[in-house]
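Peer 1: What follows is the residue order along each chain.
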Amino acid sequence: MNELLQLIANGLVTGSIIAIAAIGLSLVYGILKIVNFAHGEYLVFGAYMALVVNVTWGQSLVLGALFAMVMTALLGIALEFGLWRPIRKRGAGIVSLFIVSIGLALVLRNSILLWQGGAPRRYDVDVFQVYELGPIRLSLSQIVVIIVASVAIVAVGLLLARTTLGKAMRALSDSRDLASVSGIDTDRITAYTWILGSALAGLGGVLQGLVQNAFEPNMGFRLLLLIFAAVILGGVGSAYGALVGGLVLGLMMEVSTWSALPADGVDAVYKPVVAFVVLILVLIFRPQGIFGRARTV
Amino acid sequence: MSGLANVQFWAFVGVVAGIYTIFALGLQLQFGFTGLLNFGHVAFMAIGAYTMAILVVKVEWPLWLSALVAIAVSMLFGLIIGLPTVRLRADYLAITTIAFGEIIRFIAVNQQTLTGGPQGTINLTGAGRASSYNREWLDFQAWAQDQLEVILGDHATRDVTMLVLVWIVAIVLIILLQFMVHSPWGRVLRSVREDEDATSALGKNVFSYKLQSLAVGAAIGAIAGLFFAFQFSFFSPQDFDPLTTFFAYVIVLLGGTAKNWGVPVGALIFAFIFAGTRFLDFWPLSEITSADRAFLRLIVVGLILIGLMAFRPQGIFGKKEEMVLE
Chain D
10 MNELLQLIAN GLVTGSIIAI AAIGLSLVYG ILKIVNFAHG EYLVFGAYMA
60 LVVNVTWGQS LVLGALFAMV MTALLGIALE FGLWRPIRKR GAGIVSLFIV
110 SIGLALVLRN SILLWQGGAP RRYDVDVFQV YELGPIRLSL SQIVVIIVAS
160 VAIVAVGLLL ARTTLGKAMR ALSDSRDLAS VSGIDTDRIT AYTWILGSAL
210 AGLGGVLQGL VQNAFEPNMG FRLLLLIFAA VILGGVGSAY GALVGGLVLG
260 LMMEVSTWSA LPADGVDAVY KPVVAFVVLI LVLIFRPQGI FGRARTV
Chain G
2 MSGLANVQFW AFVGVVAGIY TIFALGLQLQ FGFTGLLNFG HVAFMAIGAY
52 TMAILVVKVE WPLWLSALVA IAVSMLFGLI IGLPTVRLRA DYLAITTIAF
102 GEIIRFIAVN QQTLTGGPQG TINLTGAGRA SSYNREWLDF QAWAQDQLEV
152 ILGDHATRDV TMLVLVWIVA IVLIILLQFM VHSPWGRVLR SVREDEDATS
202 ALGKNVFSYK LQSLAVGAAI GAIAGLFFAF QFSFFSPQDF DPLTTFFAYV
252 IVLLGGTAKN WGVPVGALIF AFIFAGTRFL DFWPLSEITS ADRAFLRLIV
302 VGLILIGLMA FRPQGIFGKK EEMVLE
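Respectively, the protein sequence lines represent chains D and G. Under this note's numbering, the first residue of the first sequence is numbered 10, with each subsequent residue one higher. Under this note's numbering, the first residue of the second sequence is numbered 2, with each subsequent residue one higher.
Keep in mind the hints are simulated off the structure, nothing from the lab. Any given hint might turn out to be false.
Quick list of the computed label-pair ranges, beta carbon to beta carbon [what the hints assert, rightly or not]:
| hint | chain 1 | residue 1 | chain 2 | residue 2 | range |
| --- | --- | --- | --- | --- | --- |
| 1 | D | S69 | G | I274 | 22 to 30 Å |
| 2 | D | F90 | G | D196 | 28 to 36 Å |
| 3 | D | S191 | G | A202 | 32 to 40 Å |
| 4 | G | A199 | D | V79 | 45 to 53 Å |
| 5 | D | R197 | G | S209 | 29 to 37 Å |
| 6 | G | L244 | D | A128 | 14 to 22 Å |
| 7 | G | I317 | D | P129 | 36 to 44 Å |
| 8 | G | P85 | D | G126 | 54 to 62 Å |
Calculated cross-link-like contacts (lysine to any residue; reagent style SDA-like; alpha-carbon spacing at most 20 Å) [as the list claims (entries may be wrong)]:
| hint | chain 1 | residue 1 | chain 2 | residue 2 |
| --- | --- | --- | --- | --- |
| 9 | D | K280 | G | V110 |
| 10 | D | K98 | G | A311 |
| 11 | D | K280 | G | P119 |
| 12 | D | K280 | G | A311 |
| 13 | D | K42 | G | R90 |
| 14 | D | K280 | G | R90 |
Just so it is clear, CB atoms sit at the ideal spot from N, CA and C, and this is done for glycine as well.
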């Protein structure tokens, strides 16, 4: 039983990072029909921006995380104006945009590799103190991740539910045409969506870099399919769905290794495979996701 | 290796281009002709290479039988992954197939007793007989080299022999595929790509045609995997990461979608960028360390993808109307 509680705690850590990263991907997917394969690289970009502040400039990681969010948001908005908007104007479809995002992922990842090299890096923080909360053992970094992620998730939830901007984003994600005829400035809301999604990706990258201790530029791609799985699990375009999808996926991956399960649970090395299988099963049986409404997919 | 005049260099570029031509031909059928956005194509290459190597080493089957079985196993996997997924919309199909490819790669990394694990075939075969799985291939290649010497004399080195063999298979496949896509069967594939509803309204079973396209493409991918294993007798799961699938997309898109003869052109350009930046060593390339060149190479590949999509989505030879832009 203690083992299960520990796995659930670990699952919440993994899941909340995936959830944070998934919101941006899901909104962009819903609003622009871009399956952004470069989203993982946005996370890596954020992680390295915080590294510059924290290690190169010797400032606190809190400052680093804020800097990472700002810089990743700038990257997101710069790419919207410099790349995505011009390509959309040329009438590119889903498949073309998908392939462009793969090209972008290669450019971003390898630029970071060129700049920082491929060796694992770590933040200059001491977070290895382990706390025992009843039967659960969590490192300080895991606790920080859970707290920061919870705050971010609640903040984003409120933004989407209560503010005009959030409502406009969801409306746009639901139907671009309907939102447009209701007088929503679609270009402006699209820009804000990139800012929000990219800033969250930057934060997610810092948290992931913190929790896995050492990270390198391939971290983003390894997370990307998990993030996609969360987005699809929650229903493409649904920000709330992405949140829940991320948490559910994190829990599923960890709990699948529980030794009380048949065959002693899944071997820990196959945790990502659990996520991929979930992804494939969801697409086959409920392609609209847990929260999505049935429509042509 | 030195300059552009080096025969060995060009033979190497040619062999890489030939293997990638075969690999991308499978994708051309699935993506270019049928509109299936398969992003797990590398899995078929992996299944082909690993099945052959495992059968030869662990079951001690003859090489040629193992190779045929490997192609069949790959087709079977094409059907298994296709059955539940080919009905999905393009972007969902892409994500599902890339997940499938990653599952195969994870199995190759982690089922060490079966596949040799992260070290690949070095571990598979055990110490001392590391590349023994392709001994029969080496015998065949030596025989082919003897035949070639009659025509080419001293130029018939091992690399040149491989070059000739790979390209014979590649060209036979292109001719075969040209017949297939211009047959009634191929016309149905293209109509599936253009308009599924209209095709099924004409009484064609769209689902079945998509599956057939996926399975045939999987078989061709496995053939590329066989040559990959023959050429690089040591291979490991790392060789089959999703990047390899993206390379095939670069090749198909460079040459032009739905143009079989565009594939070798795309593959040659790609192989030159790929191998050229690795082995050529004159200024300005000599100023850059080899690790940095690997990164620059992939940046160039990424820029080619973006540039093609932005300015010439139909590729060098393709027709704009045939580029899938839904």
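Peer 1: Each hint should be assessed against the structure and marked as holding or not.
Peer 2: Okay, the hints, checked on the actual structure:
{"no.": "1", "hint": "S69/D with I274/G: 22 to 30 Å", "verdict": "violated, 43 Å"}
{"no.": "2", "hint": "F90/D with D196/G: 28 to 36 Å", "verdict": "holds, 35 Å"}
{"no.": "3", "hint": "S191/D with A202/G: 32 to 40 Å", "verdict": "holds, 36 Å"}
{"no.": "4", "hint": "A199/G with V79/D: 45 to 53 Å", "verdict": "holds, 50 Å"}
{"no.": "5", "hint": "R197/D with S209/G: 29 to 37 Å", "verdict": "violated, 47 Å"}
{"no.": "6", "hint": "L244/G with A128/D: 14 to 22 Å", "verdict": "holds, 20 Å"}
{"no.": "7", "hint": "I317/G with P129/D: 36 to 44 Å", "verdict": "holds, 41 Å"}
{"no.": "8", "hint": "P85/G with G126/D: 54 to 62 Å", "verdict": "violated, 41 Å"}
{"no.": "9", "hint": "K280/D with V110/G", "verdict": "holds, 13 Å"}
{"no.": "10", "hint": "K98/D with A311/G", "verdict": "holds, 10 Å"}
{"no.": "11", "hint": "K280/D with P119/G", "verdict": "holds, 17 Å"}
{"no.": "12", "hint": "K280/D with A311/G", "verdict": "violated, 38 Å"}
{"no.": "13", "hint": "K42/D with R90/G", "verdict": "holds, 12 Å"}
{"no.": "14", "hint": "K280/D with R90/G", "verdict": "violated, 27 Å"}
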